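Peer 1: These are the residues of each chain, in order.
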Amino acid sequence: MEKRQLLNFFCLVALIGAVIGTASAYSTPESIVAASKVYVSNVSYGPATFFTGDEGTVIISVTNSNTNDSAVVNHAVFGDQNIRLTSTPFDSTVHIGPLQTQKFVFSVVADAQDGTYYPPFSLTFRDADNLYYRQMLLVENRNLDLTIVDKPDAFVQGKKKTVYLQAANPRDGVVTNAVLEVSGDGITAAPARTYIGQIGPGAKIPVNVSVTPDKETQLSLVLTYDNGNNPHKVTMEVPITFGNDKKQADPVMSNIQVTSVGTTYHVTGDVNNAGLETANTVTVTALSPAVPEDPYKTYVVGALKTDDFGSFEITFTTDGKTTSVPVQVSFKDSDGNLYSSVQNVSVSPVGLNAIKDNGPPLVPIIAALVIVAIFVGGWYFYLRKKKQ
Amino acid sequence: MTRSFIDILIRPGQFFAGLDVERESFTWPLVILLAGGIVAAGYGYLLGGASAQMMSDAMPGLGMVITLASVFGALIGVFIFWLLWTAVVYALSLAFKGEGSFQRTLQVIGYGYLPQVIGSVITLIAAFEYVPRIVVPKITSAMMQDPVLMQQATQSLMRDPAMMELTQITTLISIVFLLWSANIWIFGLQHARKLSARDAALCVGIPVIAYIFYMIYMIGVS
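Residue numbers (my numbering), protein chains in the order written: chain A, 1 to 388; chain B, 1 to 222.
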């Protein structure tokens, strides 16, 4: 019985000692003072601003400014119902040494709509009370701006035209991996995919795309980018409709003169460029039913600048009954696209109108007569002299 | 007695002196005529080519036929001209009681053709210059059915400025060298047919002048 009582006594002493010992590891005036010198030195969000639904990280740096005492942290947690924590809280003991900084990293998702939020950070000291901190977080659903700076007045089938675009970032945070993709049914774009990269807040990046449409269609522009690790995109549809290029070169034939010998026609004239762009490698030739013939089957006028003109001459034959012959003027633009226009030229059915009848050629006839006269006269005087 | 081609050209009287007592030889006359024929064939090839080009669309192969006909016609035509011209001169000389043989006249006319060989070379050079500039009308198969169109096309070819200029130049050259030949023929005919200078001049001069007037007429109407 005495042994049992003795055991109970030791147990009681040990329990009291344990209680007293535990009570000595909890808050003391010194530990409270030391904990007051622990503070949140930095908070960074990634991304800097969130879209609703974006996932991200928050890194909270906690600094112990005590020179001798460590701070012991039992628990750390971040977030609320708007900025929801998706990672586990810090539940293990963390020692923050004197003049050291400890980073606490949390994964969060923004459930809130547009607005400014202050999600709480809570930290529990082993030897003191808690530390609470709030840092502003912006949730904005404003997308990047993809704008057309300039585009042709009208597209022409098969002709390459340049569309001038601009990607701008009106958000408060930087976005990365921005890529512009251009596509469309019957459209050849160059480049079809442009890597823009990082776009800072308030920055704008120009992007030029050459588009060659084969038919009237929709040009699809998709700008994809990452906000943190969250992919987003901006789409734009641009209608591609064909029309007359108001600046296009416009070679016009004038001063056309037709002469003919038999069924061979010789057409001369001028080609004037009435457009606003240079017409390159302008060529003129006759089309069926005419058959181009040497020496000028096809006449190369060359390059014609605006308001410039060049002369041409072509030769061709017909079947003798044709009254109108289509004459084609072709030229290339600066991209090498070939354009043609046709103008009919009237020809006479037989084509003998150009033969001039200037009367007999007097000079050779007189020359021949003089030669004959000299010969006859010479012989006359020779014979007369011989007779004498 | 030694005689040269230079004597034929500038001293025909001296060249033909004593010819009537020599044996009739056609070697050199034939050489001269052959040379003239070859040059004429070249000229015919150029002009025949233009005509062939005009007809090429009307009938396949016709162009080649025309070209060959032009070449061989010009070549053989020189020899035919030689015979006919000799016959004319010989016939006229009968009126003046000429006594020499027809062969001797042939020999003399053949020698006298030498200046025309030179003239033919000059006209050939002119043809090389002018023929490429001729704009040749095309006669189609459809036009072959219409004689009026055929005639108009042919006239168009003949009235081409380059063709007309070539025709006038070659005519003048032909006249000059034909008269040079006539000069030689007069001296030759005196010996070949034993005629006086006056009679020989008339025998040669009448057809020559007539032919020249014909050529002048052709210039006028072309």
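Hints in this document: simulated from the structure, not taken from any laboratory. Since we're looking at a predicted model, the values are computed, not measured. We put the CB at the ideal spot given by N, CA and C, even for glycine. Treat the hints with care, as some may be off.
[Claimed, not checked] Looking from chain B toward chain A, a few residues come up when the C-beta cut is under 8 Å (computed): (1) I10; (2) R11; (3) L83; (4) A87; (5) V136; (6) P147; (7) Q168; (8) A210.
[Stated by the list, open to error] Simulated DEER-style distance windows between Cβ atoms: (9) B:G220 / A:K305: 15 to 23 Å; (10) A:S311 / B:L84: 21 to 29 Å; (11) B:A210 / A:S311: 25 to 33 Å; (12) A:L362 / B:Y214: 58 to 66 Å; (13) B:M158 / A:I366: 19 to 27 Å.
Peer 1: Compare the structure with each hint and give your call.
Peer 2: Going down the list of hints, with the structure as the test:
Taking 8 Å as the C-beta cut-off, the interface hint given for B:I10 is violated, the closest approach to chain A being about 14 Å. Violation of the interface hint for B:R11 is found here, the shortest Cβ-Cβ separation to chain A being roughly 14 Å, above the 8 Å cut-off. Because the closest C-beta pair between B:L83 and chain A is about 25 Å apart, greater than 8 Å, the hint is violated. Hint status for B:A87 relative to chain A: violated, with the closest Cβ pair at about 23 Å, above 8 Å.
Checking B:V136 against chain A by beta carbon gives a least distance of about 7 Å; that is within 8 Å, so the hint holds. For B:P147, the interface hint is violated, since its Cβ never comes within 8 Å of a Cβ in chain A; the closest pair sits about 13 Å apart. Annotation: B:Q168 was flagged as interfacial toward chain A, and the flag holds, the nearest CB pair being 4 Å apart, inside 8 Å. Violation of the interface hint for B:A210 is found here, the shortest Cβ-Cβ separation to chain A being roughly 11 Å, above the 8 Å cut-off.
Restraint check, B:G220 to A:K305: a C-beta distance of roughly 51 Å breaks the suggested window 15 to 23 Å. Checked against the hint of 21 to 29 Å, the C-beta distance between A:S311 and B:L84 comes to roughly 52 Å, which is inconsistent with it. Taking the beta carbon of each, B:A210 and A:S311 are about 49 Å apart, not inside 25 to 33 Å as hinted. A beta carbon spacing of about 18 Å between A:L362 and B:Y214 contradicts the range 58 to 66 Å that was offered as a hint.
At roughly 22 Å, the beta carbons of B:M158 and A:I366 sit within the given window of 19 to 27 Å.
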